[in-house]
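J.: Each chain is listed here by its residues.
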Amino acid sequence: MTARNPSRRLALCLGVATAVMLGALGGAQAQQAPIKIGSFLAVTGPASFLGDPEAKTLKLYVDRINKAGGVAGRQLQLVVYDSAGDAKQAVSFAKRLIDEDKVDLIIGGSTTGETMAAAPVVQEAELPFISLAGANVVVEPVKKWIFKTPHSDRMAIEKIFEDAQKREFKKVAVIGGPGGFDQSCRAEAVKLAPRYGLEVVANETYGANDTEMTPQLTRIRSTPGVQAIVGCGFGAPTVITARNYKQLGMQNIPFYFNHGVGSDQFIKQSEGATEGMRVPVAAVLVGDQLKADDPQRPIVTDYRKTYTEAYNEPISTFGGHAFDALLIATEAIKRAGGPDKAKVRDEIEKTKDLIGVDGIFTMSATDHMGLDLRSFKMTEIKDGKWVLLY
Amino acid sequence: MANPALGRWGGLIVLIVVVAALPLVLPNKFYYDIAVKTGLNALVCVGLNLLIGYAGQISLGHAAFFALGGYASAVLTTRYEWNGFLALGAGAVATGIVAYLVARPILRLKGHYLAMATLAFGIIVSLVLNREIWLTGGPDGITVPTLRLGDMRLRSAETWYWITGGALVVVTYLALNLIHSPSGRAIRALHGSEVAAETLGIDVARTKTMVFVLSAVIAAIAGSLFAHADRFITPNEAGFLRSVELVTMVVLGGMASTFGAIVGAALLTVLPQALAGFDEFKHIVLGAILVGTMIFLPKGLVPSLGALIRRWRR
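So the sequences go chain by chain: A and B. Taking my numbering, the leading residue of the first sequence gets 1, the next gets one more, and so forth. Taking my numbering, the leading residue of the second sequence gets 1, the next gets one more, and so forth.
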């Protein structure tokens with residue numbers, strides 16, 4: 001375990017601000033061409049909750065890494081395109097990154113839709129791709145060149161259902177959008193419910209650009225016996241769902257959201273409608289509430305501090321996904337001794353006990369995400385703050 | 001132009017030369033990919049120009065036909081494992097039938113009402129593609145398999161460049177032929193005055209329907225090719241903005257000018273890519289270029305520039 005290895009742990013605690021030693025070593029070879037990291041993210045559009053902090057995190061940390069001497073003796077160069085969360089643009093930018101910018105590695109795809117659209121292009125071009133998308137489908141079945149950092153939708157549902165079971169709920173309703181992540185998440189909910197003694201009595205879909213979820217929520221309200229609602233989704237639609245939920249006075253029915261809402265922006269924009277909602281999130285969002293001996297505490301604290309100081313805004317789990325992707329990539333490039341695509345891919349797959357802000361990553365040929373439920377925390381929103389439950 | 005035959009076929013020859021010579025200056029696959037997108041947009045615009053430029057009918061729902069073709073290919077090849085070319089043909093025929101069915105009631109309308117009706121049609125198609133997830137995969141789109149010709153897999157951007165280029169030349173040739181045929185003259189007569197056309201014995205309803213169906217079928221074929229070339233399609237292809245984009249291409253390039261439609265399509269496909277480096281300013285720069293073109297070259301690029309050159313020669 002790295003956690004028990006003090007020297008390695010210390011290095012990781014410093015975050016991606018790569019070892020100064022490497023910088024000293026690399027000084028002599030600074031003239032070498034930079035290692036190119038490409039990225040397409042939903043910086044604008046309905047999924048900008050995700051893409052914006054992701055892009056900011058990547059820019060911030062690539063700068064820091066470069067100031068500290070780069071990776072494997074070479075500087076990093078970041079190319080970011082704004083896909084606006086649109087799958088079509090994601091494909092086009094993936095092609096551009098590969099053929100025109102000739103990047104060595106891609107981090108990106110804020111959403112499942114973008115990632116799955118770009119997946120065939122990346123697989124064919126054979127270069128490592130670390131996705132920031134939530135759904136299981138990204139890494140299941142395993143695709144040779146594709147990895148991901150966030151917890152999966154299945155894990156979110158498992159965590160939610162465990163909690164629901166503890167509260168002795170029997171009947172739940174599911175609500176979500178038509179996008180790839182939402183679809184996958186709802187399918188998981190229907191599939192996993194019986195294992196937790198639950199029954200999905202209502203399964204409602206809203207449209208991608210809907211500005212009103214009242215009809216769906218009303219149908220859930222009029223379904224007899226609903227004890228809890230599970231929301232699948234991210235970005236603007238989740239905010240609208242939360243607001244409508246409050247407007248309809250449905251707070252007597254507990255609401256769970258998946259980790260796609262993991263940012264302060266969600267709470268703020270929902271204008272108080274999120275009180276009492278429970279959400280499983282990555283540790284980074286509740287970094288200050290982690291136990292003192294939690295192995296993730298140092299790196300999480302460091303990331304929160306660095307990001308907040310640089311941008312003067314609260315952190316989100318999404319920026320954390322990007323941070324981890326960059327960490328996994330740079331560690332793999334270091335071990336591979338350079339940006340050779342096949343070697344870096346193999347090294348990413350060998351990532352073991354790497355402490356990130358999302359959790360502790362141990363990847364394998366059959367697991368291209370490498371997280372387990374330990375690092376997934378159940379939170380409740382109280383007084384507009386994320387409060388760690390367990 | 002001095003010699004009308006030269007004007008008619010000269011342009012086509014220029015097009016063929018450009019298509020044949022372009023690969024000499026395309027540095028990598030990414031540029032081929034943009035060239036393919038340009039060609040497919042140009043294909044749709046040549047068809048749309050017959051309707052807007054020559055027949056004088058507006059369509060704000062043309063992206064729907066493009067998407068119908070594309071989704072026919074996508075759904076038939078993935079879910080029902082049809083041969084790609086068969087799916088393309090089926091998509092074109094089906095879209096033609098849909099266009100025929102909507103043409104009869106819609107084309108009785110004029111001006112704003114016609115625009116509204118085509119707009120509504122486009123939105124309906126877009127809604128269906130977005131919401132019928134079991135069939136279309138929803139807003140995140142659907143992955144389309146590679147087109148196969150016998151044992152050959154039509155996959156690389158270079159291959160698709162030649163397919164699109166060839167299709168564009170053929171469709172342009174057919175469009176030019178049509179415009180200069182008796183039917184073409186009938187179509188153009190509609191633009192001038194429907195009443196006058198009717199007095200001359202032209203079956204207005206039939207002619208309008210024919211142009212509408214023809215442009216829809218061309219759009220559907222382009223859509224099918226797009227789905228296979230990109231191996232991915234989303235409902236955005238049917239969206240309102242996409243329809244507006246297509247009309248803008250035709251208007252920008254120059255209405256009632258086949259080559260204008262091609263130039264407009266090329267410009268509006270390449271510019272956003274060229275401007276991607278401007279980040280936030282991209283939309284402002286693009287907007288400024290469009291506004292500037294419409295103010296200084298109100299008839300569209302090709303006709304305005306053509307007039308300018310003729311005046312300068314004199």
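For the record, the hints were derived by calculation from the structure and aren't laboratory data. Quick caveat: nothing in here was measured; it's all calculated off a predicted structure. Any given hint could be a false lead.
Stated by the list, open to error - Simulated pairs of lysine-lysine, PhoX-like, Cα-Cα distance not exceeding 25 Å:
hint, chain 1, residue 1, chain 2, residue 2
1, B, Lys299, A, Lys341
2, B, Lys29, A, Lys143
3, B, Lys29, A, Lys144
J.: All hints are to be evaluated individually against the structure, with a verdict given for each.
T.: Hint check:
| no. | hint | in the structure |
| --- | --- | --- |
| 1 | Lys299/B with Lys341/A | 51 Å, violated |
| 2 | Lys29/B with Lys143/A | 24 Å, holds |
| 3 | Lys29/B with Lys144/A | 23 Å, holds |
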